[in-house]
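Enquirer: If you read the protein sequences in the order shown, they are chains A and B. For the first sequence, position 50 matches number 54 in the working numbering, and the numbering has no gaps at all. For the second sequence, position 35 matches number 37 in the working numbering, and the numbering has no gaps at all.
If you are wondering where the hints come from, they were derived from the structure by calculation, not from laboratory data. Note that the structure is a prediction, hence the values are computed from the model and not measured. Cβ coordinates follow ideal geometry from the N, Cα and C atoms, glycine included. Check before you lean on any hint, since a few could be wrong.
As the list claims (entries may be wrong) - Pulled a few chain A residues facing chain B out of the computed Cβ check, cut under 10 angstroms: (1) Gly7; (2) Ser11; (3) Ile30.
Claimed, not checked - Label pairs and their in silico Cβ distance ranges: (4) Gln21(A) / Arg82(B): 42 to 48 angstroms; (5) Lys28(B) / Arg26(A): 45 to 51 angstroms; (6) Val16(A) / Asp9(B): 44 to 50 angstroms; (7) Leu120(A) / Thr79(B): 17 to 23 angstroms; (8) Arg26(A) / Arg43(B): 30 to 36 angstroms; (9) Pro10(B) / Gly63(A): 25 to 31 angstroms.
Stated by the list, open to error - Output of the computed footprint for chain A on chain B, the stretches with three or more beta carbons under 8 angstroms from beta carbons of chain A: (10) 45-54; (11) 102-114.
Residue strings, one per chain:
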Amino acid sequence: DAGVIQSPRHEVTEMGQEVTLRCKPISGHNSLFWYRQTMMRGLELLIYFNNNVPIDDSGMPEDRFSAKMPNASFSTLKIQPSEPRDSAVYFCASSPSSGGAEDTQYFGPGTRLTVL
Amino acid sequence: SQQGEEDPQALSIQEGENATMNCSYKTSINNLQWYRQNSGRGLVHLILIRSNEREKHSGRLRVTLDTSKKSSSLLITASRAADTASYFCATAVHQAGTALIFGKGTTLSVSS
């Protein structure tokens with residue numbers, strides 16, 4: 005299995021531009037998670053989906069952030085407009101979500117976003 | 003506030019020594035997991051311990067859980083330079099959807 009795939013791996017953009025991050029979860033996994041990692045705040049859960057439905061988006065910083073999961077094999081995280089404080093590494097993770105609370109999460113390699 | 007807090011924030015040891023990292027959390031949990039992150043990479047799951055378990059082993063890893071103290075420890079025995087990484091504890095709080103809450107991690111440096 006290829007694991008969780010994220011694209012792009014690196015993104016440099018200017019303030020005010022729209023940024024779209026993409027994620028392909030492991031085939032057969034039912035839960036998908038978006039995280040943001042910074043030195044100051046550590047690893048923060050932004051939103052997670054179960055069976056393509058957003059379950060908890062309380063971690064999404066503000067209305068500039070939106071996430072979609074149109075099907076079981078694809079998700080996007082969009083920032084519009086982007087700001088320098090959005091600079092971080094964004095991780096996508098998926099889990100089998102068998103229904104119990106014992107699922108481990110499989111992380112993608114991350115997208116390093118720099119907003120100038 | 004963080005659900006899981008690792009201690010120490012940074013740890014430097016020599017190859018062959020043991021490394022112990024601790025994690026404290028605030029609310030009751032279903033399970034606690036430890037992950038490793040190498041520089042520039044995503045997190046990798048190491049081990050999961052359920053709330054009704056006290057100790058678990060996996061290779062050179064030993065994890066303990068004390069639910070009365072709301073704390074866990076990760077012991078890496080006979081450390082190697084390749085163990086250099088950041089280590090995170092994560093607690094499963096929600097029942098459905100398995101949303102984990104991660105601590106800020108312990109950065110381990112193992113020198114040869």
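Enquirer: Each of the hints needs a verdict: does it hold here or not?
Expert: Each hint tested on the structure:
Nearest Cβ of chain B to the Cβ of Gly7(A): about 9 angstroms, under the 10 angstroms cut. The hint holds. Violation of the interface hint for Ser11(A) is found here, the shortest Cβ-Cβ separation to chain B being roughly 14 angstroms, above the 10 angstroms cut-off. A hinted interface residue such as Ile30(A) counts as satisfied when its beta carbon comes closer than 10 angstroms to some beta carbon of chain B; here the least separation is about 12 angstroms, so the hint is violated. Between Gln21(A) and Arg82(B) the Cβ separation comes to about 43 angstroms, which falls inside the hinted range of 42 to 48 angstroms.
Between Lys28(B) and Arg26(A), the C-beta spacing of about 34 angstroms breaks the proposed range 45 to 51 angstroms. Checking the proposed 44 to 50 angstroms range against Val16(A) and Asp9(B) shows it is violated: the Cβ atoms sit about 35 angstroms from each other. For Leu120(A) paired with Thr79(B), a C-beta distance near 45 angstroms fails the hint of 17 to 23 angstroms. In this structure the supplied range 30 to 36 angstroms is violated for Arg26(A) paired with Arg43(B), their Cβ-Cβ distance being about 18 angstroms.
Checked against the hint of 25 to 31 angstroms, the C-beta distance between Pro10(B) and Gly63(A) comes to roughly 27 angstroms, which is consistent with it. Here's how the segment 45-54 of chain B fares: 5 of its residues keep a CB closer than 8 angstroms to some CB of chain A, so the rule of at least three is met and the hint holds. For the segment 102-114 of chain B, the proposed coverage by chain A is satisfied: 6 residues have a C-beta within less than 8 angstroms of a C-beta in that chain, meeting the threshold of three.
The structure does not agree with the numbered hints 2, 3, 5, 6, 7 and 8 stated previously, though it agrees with the rest.
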